[in-house]
Structures are given as C-alpha cells and as structure tokens.
Amino acid sequence: MKIITDKSIPHTATLSLVQQKVIASLRHRQRKETWFRRLGYSAVLISLALVAILFANIFSKGLPAFWQSAITLDIYFDPQIIAISAKPERRADELTADYQQRFLAWQTEVGFINFNRLITDSLQKLVPDGTKHKRDLARLVTSGERFALRDMVVAEPSIIGQTRRLNLLTDANIDVWLKGNIDRSLPDEQQQLSANMRDWVDALAANGVIKNRFSLALFMNADSRSSLASAGLAGAFMGSFYMMLVVIFLAVPMAVGAAIYLEEFAPRNKLTDLVEVNINNLAAVPSIVFGLLGASVLIGWFNLPMSAPIVGGLVLSLMTLPTVIIATRSTLKAIPPSIRQAALGLGASKMQSIFHHVLPLAIPGILTGAILGVAQALGETAPLLLIGMKSFVASVPASPLEQASALPVQIYLWQGNELRNFFEARTSAAIIVLLMMMLSLNGVAIWLRRKYQRHW
Amino acid sequence: MKPNKKATMLLISVTALALSAMAEAKSRDTIQIAGSSTVLPFSSIVAEEFGNNFAQFRTPVVGSGGSSGGLRQFCQGVGENTIDVANSSRKIRPNEVEACKANGVKQIIEIKIGYDGIVFASRTDAAVFKLEPQHIFLAQAAKVPQAGKLVVNPYTRWNQIDKNLPDQDILLAIPGSNHGTREVYEEKVVIPGCESLAEINTLEQSEAKAICTATRNDGRVVEIAGDYTEALARLTAQKETLGVFGLSFYEANRDRIKVATMSGVEPNLDTIIAGEYPVSRPLYIYIKGAHIGVVPGLQEYALFHISDTMSGFGSVLESAGLIPLANAEREQTQQNIKLKASL
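Those protein sequence lines, which keep their order, are chains F and W. Going by the working numbering, the first sequence opens with residue 74, and the numbers climb by one from there. Going by the working numbering, the second sequence opens with residue 4, and the numbers climb by one from there.
Chain F on its own, in the form it takes in the complex (with noise of 0.2 Å):
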C-alpha cells in the first residue's frame, strides 16, 4: 500500500470538498490502523518477554541442578567390616522357593552390616582432624550411598577385599554450600553445615577431590527423603511413561474408531447430535472432575489398585478421548469427498473406500492430534492428585499396578520439600525435563505434520 504523506496531497484550494473530506478522513483511518498495529505488537511483545522471563527464571535456577557435587573416594571393601558367609548358589535339585528363602537370608544378613564404615573409613583419610568429629565425617556423603555400596557387594561379592575409585554424592547441603546456594557470610547458628564441615568441603573442593559432576542420580533414581542428593526422576517418568502407554494404547485407538464412526458411518439423527454435543461438552470439563470419577468409581467401585499408573492412565484417557476425536473429524472432512466417491465408483465397498483411501490420507492429522492429546495428559496433575498420585514413592515402579508418580506431581512434591534451598533447583531441573518431553512431543507432530501434508 502506498502511503500518502502530507506532500504527495496537492493543495486544498485545488481539491473539490468531496476530496477534502476523504482525505481528512483517510488521515483518520490510517491513525487508527497505525493504533492498531502498535497495540499488536506490544502485546505480542509483552508476551514473548512473559515468556522470555519464564524461561530464563527456570533455565538459571534448574541447569546448574544437572550438575551436582560428588566427592571422589577410595572405597576399601575390608573384609573385617563386610563379614558376611558366601551369597548362596542355586543348586539344580533345589526348589525356587527354598533357594529364594536362601538367598534371603543370606540379604538379611548383609542388612545389618554398617557401609558407613567403609565411607568414613575412607573419609578419614583425606579429612586429617576428622576422627575428632565423627558425626560431621559421616554427614559429608549423603546417606544413600550406603545401599549402592551394598548393592554392589550384593550383586559381586569378590568386591570384598578390592578398592575401589568411587564417585559419591555429598550431602544436599554441602551441594547448596558450593553452589552458593546458601548466603555463605551467614553465622554459624543460621548455617546447615558446621564450622568444620565448611572448612573441609572447601579444602576439597580446592582440591578437586569433591567436583561438581553430571548427576546420573536425577535422572536414575527413584525420590528420596531420607538421602535428599540422591533424589530422582526415575520413579516418576516411569510412572508418566506407563500412563502415556495406558493413554496411547486405550484413548487414541478409542477415539479414532469413534471418530471414523460418527464422521463417516452414523446416521445423521438426533443422538448423533447429541452424542456430539456432549464429546464437545466432555471437551470443556475441567480435568480434576475426571480425578474425582478415577477416585469413586476406579478406586472405589472396580478396586484398582491406589496410586498406580493404571489407575492415572484411565483417568487421563478419559480426558483425551474428546481431545483425540474432534481432532481426527476435523481431519477426515478435510478429506475431498472425491476420493470416497471415486473409490466407491470403482466399486469399493463404504468400508474398503474408508480403510484404504481415506484413513491413510487422514494419518498424519490423526497422529498429530493423538501426540497433542498425548502431550496434554503428559502435563496434567489436577485429576492425578486425587487418585493418590501425589505420595511419596521411594521405588521404580515395574509394572503399571505398581505404585507410582508421575513427572508433573514430582513437581509439585519436590515444591514442598522442606530443604529449600536444595529442592529451588530440583523442582526447575523436572520442571527443564518435562519441558523439553513436551517439546520433543510437539517436534514429533510438528514434523508428521510436515512430512505428509498433501494439498488437493
């Protein structure tokens, strides 16, 4: 559009009045598209630096989470502390019940020996006034680490009598300590770490024996309380991974067969109307109502198990199943009618037209429409928390039935922990995580998309 300025408009006098008055009000018109204009942009920029300051917010408090410090030690598996008979082999005439109360027995038995040993041992060693302050020597290494080292005798017994260079997680505290976390002009009496604690952490860390590592733990361990370093992730994506199964496996076949049945088969009546009415309808309902149906009627009625997979990932059907449908009718009528006639004229039954013309042009809308719904129940916690989703799960769940969480109630539980300083940066770190699942999710539609779009 050519804009008229003030010299391309000849001189008044030369103009009649009907000119006069469009160019007064074509001035006016375009003052008010320039208004226009500008008011788009700020809010589009309003919300670009909403977001900007969103992202940049969880970004510098959750990346420096993926790193956590881990003390560099010298484990000798001394024989004297690890007394313990030989793990039992199963022998060929013995029954599995008789060799698994053998073998657990034989786990008893390494329960009660003391793995702390072997760390202060260890710490003792490097910390030289460390023997005069025993309990501020054990807390350097976060509790946790005990069962690892246990696990590994578990799982190797001929470890015993071997060192070994292992990486151990510190205490949460001492994280929070190095990472500056915690203000470090503090007194004592407002400090979590004693006077000589502090003083040891920073003469190893000038050392390198204590360094800030990747942290396997967030991405590989189930949530913790009682060792808080070691909390994870695992417990929880495991948890989201088997709904998301439920979910794919249950909703999105559900809903496209729905689809295809009220696009292309259903009579056109007054309870196709009103089924449609109310998928629409289901579309709209808050998603904490289908919480408190999974709670009276899964829980309550079908005696599914509590907080389990299984249970989230019905609930979370529920509330895909519309998302998915009106997803998959709005890509099926954007299919000509041509190619179902065409089909039909060359003779093809309703059915051949539809599984073998239609369908697979309608795929790539229909897969994207079922990854967005995936996506959204990804994300959802409100329907979750009320099926008992929101407790504390030390474990990976195995199977579906298992008890679980799942990443988005991590979140919120990892909110609440009462070591604040640690947790500001867990709770980013999963926040991180399931942002980036969430976009590797809309990638994935985006490029269906892309890949097999046809234009007719």
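Derived by calculation from the structure, the hints in this document are not laboratory data. Errors might be hidden in some of the hints.
To be verified - According to the in silico footprint, chain W covers these stretches of chain F (three or more CB under 8 Å from chain W): (1) 246-259; (2) 272-281; (3) 376-388; (4) 454-468.
To be verified - Partial list, computed: chain W residues near chain F (C-beta under 8 Å): (5) E52; (6) L174; (7) S318.
Claimed, not checked - Between beta-carbon pairs, the in silico distance windows are: (8) F:D272 to W:Q208: 57 to 67 Å; (9) W:Q338 to F:D224: 31 to 41 Å; (10) W:P169 to F:Q153: 57 to 67 Å; (11) F:D256 to W:L306: 50 to 60 Å; (12) W:Q338 to F:L127: 49 to 59 Å; (13) F:N187 to W:Q335: 23 to 33 Å; (14) F:Q153 to W:N106: 53 to 63 Å; (15) W:E321 to F:D261: 17 to 27 Å; (16) W:N167 to F:D261: 26 to 36 Å; (17) F:A357 to W:K152: 45 to 55 Å; (18) F:R238 to W:R96: 52 to 62 Å.
Glycine included, each C-beta is placed from N, C-alpha and C at the ideal position.
Given chain F, put chain W in place with the hints provided.
Below, chain W without anything else, positioned relative to chain F:
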C-alpha cells in the same frame, strides 16, 4: 494398506491387558500411608529405610492430605483400596473413632512416634519478636475485650498490643483447619492467651471458647491450606508476615527465617524435651489392625518406625527434627503394637 488387522489385534490385546489388570489388582503388597504433612517427612524417611533394610517387603507409599484428610481416608473402611496407616499430628477425635467403627474399622492401633515443636517465625530481615500467648490471641481474634466490653479487634500494629513488640503491621499466616497443627496452635497458644485475660474468665465457657477461637477476617490473618512452603512463600512476598512452622521446617531453612521466643523460651530440641517451650505436641501414626497379616510388613513397619535406631536419640529421625520419645514410653508403645492393643 492393511493396518486394520494389526490394529484390531492391538485393540484386543490392550483390552485384554486392561481386564487382566483389573483382575490382578486384588492383592496389594505395598503399605499405603496418608495424612499429616508434618508427619510426612518422618514417615517417608522410615518408609524408604524400611524398603532398603527389609528385602522381603516393598517400600511403603506415603501420601499427604493433612491429619483430618488422612484419618477420613483411614476410616473409609477395611480392604485393599483403603489405606493401612494414617499419619496425624493430633490425637484421633472420638467422633472419628465412631466414624471408623461405623465403617468397620474396629481395630485402631495408636502409636505415638515422638514430639514436634511449633514455632512462630519471620523473615531474617524482619523485626525480632518476643511473644506471649496473649499477643497471638490479641493479634488474631475477631473480637477482643476492651474496658469490660467486647469490641471488634482494633489492633493493626504489634506495638499497639504491647509496646515491647516491634512497630510493624500485624500479618499472621496460620495453618488451615485441615491441619493438625491448627488444633495445637489453638490449644497451646490462642486459648491460653485468651484465657489469660480477666474479662474472658467471667464469660460462660462455651461463649468464651467461641470468642477465643474466632479469627478476624479483615485479611490480616491468612489460613494456609497447603504445606509449610506455602507459608514460607507468604513470608517471602510480605516482609511483615509472621508465620507458623514446624520446628523441623525451620531447622532446614534457618538461613531464611528466624524464630520468635514464646514466653521467653527459644524453641529447640532441648527446650522442647525439657518441656520448657510450651508449643509442642505428640505426633501419631494409626495402624489398621485388620490389615496386619493381610498387607505384608505392616506390623514390622510400625515397630521399625518407633525402633531406637530409627527414632531414638541420635537417630535419623532426630536429625530430621523429630523429638524422640522417652525410653519407657517407647517400650510401652512397642508392646502395644505387638499385642495389637486397639483404641
């Protein structure tokens, strides 16, 4: 294209899976716990250690929901889809025991696991508070007695209540009524503070109680329904706020908040054990007797919870902020669990 056969097979197998899941869901081998968010950190630690130390049992699952929420779930009935243990930061109420019995929960084993202190804390950069129970009552009440009459609470700044208190706006973040902490807060601070006023004692008892516990609703008292982090967020947002926290929460966040003294006593492990600090309360777990022997490890979990190694002096739970039971009390409780002594 022939994906339909595969798709049908998939559908059938998934339906079969879902159905078998429902059938299989009958036997539960994981202990389910719910309730007080004050007890939750302690119970979670015990649950985790329990799972790590007893190879034959699974790690119990610990939920929250507040003392009242947990006991309500506990009293819903007996069976696989009800919880086995309720955590509570207050004693179970008679009406809750009745509700339990009406739903078939007849055997309720009460276990005292230790004590916990409740502290008043403010931001480290806020003024120092030296509180008396009466100050808290006068700050939070809807109506206060003045010159022989009850008037709408006129106090807006702390130094109007007592000139030794800081010249600061009255803003209180107290636990919501779903929390057991609220009951202790009222019993140990608000009501004693209220009854220390001469005018209240002349009133009839029921009337006095109503006046003592009515909170003002002009926005100066905020009830926190969530956990202590929510109260901490209040303090972060508003410097003047005085919040109610558990001692263990304060211990973990000493760099952010500082405690007020109550009747001249500073809250810490020693003053609470000695009984000098007035605002402390016992913490309980309630075990469903009917589930012992059905859900594996329930009795062992209870015994482990109050074992000396878990919750005695110098134990894991003590360093997490729980105040241990005296030895005689611990032995008595252990005996109760073994005998399944019900309420």
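Hint check results:
no.: 1; hint: 246-259; verdict: holds (count 3)
no.: 2; hint: 272-281; verdict: violated (count 0)
no.: 3; hint: 376-388; verdict: holds (count 8)
no.: 4; hint: 454-468; verdict: holds (count 7)
no.: 5; hint: E52; verdict: 6 Å, holds
no.: 6; hint: L174; verdict: 21 Å, violated
no.: 7; hint: S318; verdict: 11 Å, violated
no.: 8; hint: F:D272 to W:Q208: 57 to 67 Å; verdict: 59 Å, holds
no.: 9; hint: W:Q338 to F:D224: 31 to 41 Å; verdict: 35 Å, holds
no.: 10; hint: W:P169 to F:Q153: 57 to 67 Å; verdict: 60 Å, holds
no.: 11; hint: F:D256 to W:L306: 50 to 60 Å; verdict: 42 Å, violated
no.: 12; hint: W:Q338 to F:L127: 49 to 59 Å; verdict: 56 Å, holds
no.: 13; hint: F:N187 to W:Q335: 23 to 33 Å; verdict: 29 Å, holds
no.: 14; hint: F:Q153 to W:N106: 53 to 63 Å; verdict: 55 Å, holds
no.: 15; hint: W:E321 to F:D261: 17 to 27 Å; verdict: 20 Å, holds
no.: 16; hint: W:N167 to F:D261: 26 to 36 Å; verdict: 28 Å, holds
no.: 17; hint: F:A357 to W:K152: 45 to 55 Å; verdict: 54 Å, holds
no.: 18; hint: F:R238 to W:R96: 52 to 62 Å; verdict: 57 Å, holds
When held up to the earlier numbered hints, the structure conflicts with 2, 6, 7, 11 and fits the remainder.
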